[in-house]
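Chains A and B supply the protein sequences, listed in that same order. For what it's worth, the numbering used here labels the leading residue of the first sequence as 18, then goes sequentially. For what it's worth, the numbering used here labels the leading residue of the second sequence as 55, then goes sequentially.
Hint data in this document are derived by calculation from the structure and do not stem from the laboratory. Owing to the predicted nature of the structure, the values given are computational and were not obtained by experimental measurement. Be aware that a few hints might be false.
[To be verified] With a straight-line cut-off of 25 Å between C-alpha atoms, the simulated DSS-like cross-links for lysine-lysine are: (1) K296(B) to K164(B); (2) K275(B) to K296(B); (3) K164(B) to K62(A); (4) K625(B) to K22(A).
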Amino acid sequence: MGSTKILKVLERYPGVGKDKLIPILQEVQEAEGFLGREAVILIGKHLDVPASKIYGVATFYNQFRFEPVGRFHIQICRGTACHVKGSAKLLETLKRELGVEPGRTTRDGMFSIEVVACIGACGLAPAISINGEFHARVTPEEIPVILGNCRKSAQEVS
Amino acid sequence: MRITLNGKTMEAREGETILSAARRMGLNIPTLCHMEGLPPTGACRVCLVEDVKTGRLIPSCSFPVSEGMDIATHSSQVVAARKTIIELLLASHPDDCLYCASNGTCELQKYAQELGVRQRSYSGDRNRIDLDMSSPSIIRDPEKCILCGRCVRVCSEVQGVSAIDFAGRGSNAQVSCAFDEGLNVSSCVNCGQCVMVCPTGALTERRDVDRVLAALDDPKKTVVVQHAPAVSVSLAEEFGIKPGSDVVDKMNAAFRRMGFDKIFPTSFSADLTVMEEAHELVERVKKGGPFPMFTSCSPGWIKYLEEFHPDLLGNVSTCKSPQQMMGAVVKRLWAPAQGLESGQVFNVSVMPCTAKKFEAARPEMGGEVPDVDAVITTRELAEMIRMFGIDITSLEGEQADSPFGDRSSAGKLFGATGGVMEAAARTAYHMITGKELPELKIDAVRGLQDVKEAVVNIDGLELKLAVVSGLGNAGRLLKDIIDGKRTYHFVEVMTCRGGCISGGGQPLVTNPERVKARMQVLYEIDRDASLRVSHENPSIKALYRDFLKEPGSHKSHELLHTEYSPREVLK
Ligand code: SF4
Ligand code: SF4
Ligand code: SF4
Ligand code: FES
Numbered sequence: 018m019g020s021t022k023i024l025k026v027l028e029r030y031p032g033v034g035k036d037k038l039i040p041i042l043q044e045v046q047e048a049e050g051f052l053g054r055e056a057v058i059l060i061g062k063h064l065d066v067p068a069s070k071i072y073g074v075a076t077f078y079n080q081f082r083f084e085p086v087g088r089f090h091i092q093i094c095r096g097t098a099c100h101v102k103g104s105a106k107l108l109e110t111l112k113r114e115l116g117v118e119p120g121r122t123t124r125d126g127m128f129s130i131e132v133v134a135c136i137g138a139c140g141l142a143p144a145i146s147i148n149g150e151f152h153a154r155v156t157p158e159e160i161p162v163i164l165g166n167c168r169k170s171a172q173e174v175s
Numbered sequence: 055m056r057i058t059l060n061g062k063t064m065e066a067r068e069g070e071t072i073l074s075a076a077r078r079m080g081l082n083i084p085t086l087c088h089m090e091g092l093p094p095t096g097a098c099r100v101c102l103v104e105d106v107k108t109g110r111l112i113p114s115c116s117f118p119v120s121e122g123m124d125i126a127t128h129s130s131q132v133v134a135a136r137k138t139i140i141e142l143l144l145a146s147h148p149d150d151c152l153y154c155a156s157n158g159t160c161e162l163q164k165y166a167q168e169l170g171v172r173q174r175s176y177s178g179d180r181n182r183i184d185l186d187m188s189s190p191s192i193i194r195d196p197e198k199c200i201l202c203g204r205c206v207r208v209c210s211e212v213q214g215v216s217a218i219d220f221a222g223r224g225s226n227a228q229v230s231c232a233f234d235e236g237l238n239v240s241s242c243v244n245c246g247q248c249v250m251v252c253p254t255g256a257l258t259e260r261r262d263v264d265r266v267l268a269a270l271d272d273p274k275k276t277v278v279v280q281h282a283p284a285v286s287v288s289l290a291e292e293f294g295i296k297p298g299s300d301v302v303d304k305m306n307a308a309f310r311r312m313g314f315d316k317i318f319p320t321s322f323s324a325d326l327t328v329m330e331e332a333h334e335l336v337e338r339v340k341k342g343g344p345f346p347m348f349t350s351c352s353p354g355w356i357k358y359l360e361e362f363h364p365d366l367l368g369n370v371s372t373c374k375s376p377q378q379m380m381g382a383v384v385k386r387l388w389a390p391a392q393g394l395e396s397g398q399v400f401n402v403s404v405m406p407c408t409a410k411k412f413e414a415a416r417p418e419m420g421g422e423v424p425d426v427d428a429v430i431t432t433r434e435l436a437e438m439i440r441m442f443g444i445d446i447t448s449l450e451g452e453q454a455d456s457p458f459g460d461r462s463s464a465g466k467l468f469g470a471t472g473g474v475m476e477a478a479a480r481t482a483y484h485m486i487t488g489k490e491l492p493e494l495k496i497d498a499v500r501g502l503q504d505v506k507e508a509v510v511n512i513d514g515l516e517l518k519l520a521v522v523s524g525l526g527n528a529g530r531l532l533k534d535i536i537d538g539k540r541t542y543h544f545v546e547v548m549t550c551r552g553g554c555i556s557g558g559g560q561p562l563v564t565n566p567e568r569v570k571a572r573m574q575v576l577y578e579i580d581r582d583a584s585l586r587v588s589h590e591n592p593s594i595k596a597l598y599r600d601f602l603k604e605p606g607s608h609k610s611h612e613l614l615h616t617e618y619s620p621r622e623v624l625k
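Make a model of the complete structure from these sequences and hints.
In structure tokens, the structure reads:
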């Protein structure tokens, strides 16, 4: 059960105040992969912070997500090198093609987008990584092809 | 301390802000994020003024006065800066004024008008965010939100609910519930206080006028209207009549002009609530508890308990609210006596409250055939009166209908904080002693203080009472009660500070002076009334004689009482 993992994290923070909200959110996300409703409610009870506030704080940062990642988790690098090489356009294209914002997962559970600061592949800029596999020097035109390949491979497996 | 404002020197008070000094001097400075009585946030900047000595622009709502300060509130620099701020707010705003619920009351619209904005100067991407129509009481239109934060603050700092907060950042920032969910699954108690403070059309009530119009048009329906005690003392303000005027008779006339078939004041069923609730209190005194007993007429408070203190639900009076008692009595007793099926009766209720819309829709309140069919706010009633072209000032007054047209002034007092307590104490005293309270007016429970306490001596029994309004205050009082720091027999809780006279369905211009005036007129009605106790209301006596037998009877329980259960929400 998810809640045991969440409670384990909370056990490590006995009697703490609101200032520990961010580290707790990070650890829970680490343990669970995302911040679900149960997590937010339990953390809120522990710290005496309303769920709306936790959601507000968490959405202020890019690093938190509120749904499990998709079957294909796409990390897009927005580091300096990638930015110079046009990662903004890539992100736009991804958002448009998938119809979801970074941090979200498509309805069919197939794709999720995450914006990351730098994935240490500046030589490959602009770079994206799908389930840990790098794609180098990606152009906006290639995005539909890459997504299509993912869909195809998903079909073959199932 | 002396300061100079627009070239005039004045005496300012240590610690006050420039805004407060300027307002005392009669200077009009626009504000959007400022909230009277709460610490400033400085979010909107529209209140800025010029420090003449340095030429600097400073926010007047958060900047304290200092000796010798020289301020210009409307220099050309200031006015230009304010205009730019408004223009920037409009850059992503939908230009929907004509179709907007806030057309005419919107502060953004007003400032744009006043500052001479006549064209779009910045064109940003128009906000595209879905409406939240999930709540039976409140509609959120985040596209019109200017992120002033007033709703967020009233919800958390005044009501202690925190159903909404800022989420996201930068150009994606918006006010939302946890997980972007609808209000209906959040902890929102539907009080509408956020609607009252919202400067724009981003928060409005769910409008039920059209359903009422359809019922009035339906020849097969008998349309019955009830109106809460706090409506007739605030409605006048919507028509420019001086605050603190009771227009109940003119309002009756307006109801008839619009085609309502029967008019029964909710103060009548408030008298009925008093009978049932006082009886319940007396029974608890005999049995020794559970104490404190909490009042149950404010639906926001009930939902709050269901969410935040479900363990205390057993302490709540089982009485339905006056709105629901009226609905039940009209549909289940009156209609059959008229030879009408309950489905032929359409019960409309005019309330100072948005949470009453939620209450009427609760499954406990009649189920398949709801006790109350449509709830409209004071504002919606004013809209209807305008729509019908009725000039309320020139109407001759008319009376309510029988058999539920009589009310005691105790039932009318329900409109202000402390009123339920005062009414119930009068009747409980009579139930126990067979005599009237020597002094019917209970000063200790009157007035606008957040928490009021009183002890009423009933033949040696010291009945300890408390009255609290505003859920934030109620939450703090509850904590003391739970911790054993305070003990009472009976506690009246109203969701909104001041009670229904400052409910979330009242005219949008609701300020402390107006609330005081509304309260004052309720007290005057009570002072001048000949019938001041619920148990002497002849229509109430007849209702018990003909139908209910006695308070707490089997029939009463079937129609007038209910129970609540814990509620899981995102909180
Ligand atoms: S919120 Fe105000 S400015 Fe915006 S459309 Fe409505 S009335 Fe017009
Ligand atoms: S209606 Fe009341 S509880 Fe609901 S969001 Fe508005 S202020 Fe908060
Ligand atoms: S919804 Fe209204 S009150 Fe709330 S932040 Fe937006 S404009 Fe301000
Ligand atoms: S009113 Fe002063 S900053 Fe908003």
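Hints, one by one, checked against the model:
Between the alpha carbons of K296(B) and K164(B) the distance comes to roughly 22 Å, so the proposed pair stays at or under 25 Å and holds. A C-alpha spacing of about 36 Å is found between K275(B) and K296(B), which places the hinted pair above 25 Å, so the restraint is violated. With a C-alpha separation of about 42 Å, the suggested pairing of K164(B) with K62(A) is violated against the 25 Å cut-off. For the hint linking K625(B) to K22(A), the alpha-carbon distance of about 20 Å falls within 25 Å, and the restraint holds.
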